[in-house]
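Colleague: According to our numbering, the sequence shown holds residues -3 to 143 in order.
For the record, the hints were derived by calculation from the structure and aren't laboratory data. All C-beta atoms, glycine included, are put in the ideal place defined by N, C-alpha and C. Treat each hint with caution, since some may be false.
[As the list claims (entries may be wrong)] Computed beta-carbon distance windows for the label pairs:
#1 48 to -3: 30 to 38 Å
#2 143 to 66: 48 to 56 Å
#3 126 to 57: 39 to 47 Å
#4 118 to 78: 47 to 55 Å
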Amino acid sequence: MTEHQFGTWAAIAIHDTSSVVGAGAAYGEEALKVATTIKLTRALWIIPMAFATSFIFKSKGQKISIPWFIFFFILAMIANTYLLNGVPQLGAAINGIARKTLTITMFFIGASLSLDVLRSVGVKPLIQGVLLWVVISLSTLAYIYFI
């Protein structure tokens, strides 16, 4: 598989952006560039899709409610592009804080799961998640490999 194919596959099949970057970097420089570009392009589609779905699915007479995270997402993009570009130390500090905060957040999310919760929900959602992961991985791999 070429690095371009792997980068495309990783960007499509892997959910987490940081995992896409890690997988692309592990495979090669070209894979990293392709994977990152495709994944971030997909992420940027959040903005127009959120606005479009707000207009499409609103009820008559209902005021459109735009999620606040969209504005923060746009603000973060602008800040990263124009404000932090000239100050690499500040960008690195924010990135470090963000990584630590994400790690703590993931720990708290993971810690809320217990055997009791899994017993009450059952094993079916876990099996469904694993099966979806396998199907998405294999189908996107086949698509990328044979194109």
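Colleague: Confirm or reject each hint.
Modeller: Evaluation of the provided hints:
no. : hint                  : verdict
1   : 48 to -3: 30 to 38 Å  : 35 Å, holds
2   : 143 to 66: 48 to 56 Å : 33 Å, violated
3   : 126 to 57: 39 to 47 Å : 44 Å, holds
4   : 118 to 78: 47 to 55 Å : 49 Å, holds
Hint 2 alone, counting from the list given before, is not met by this structure.
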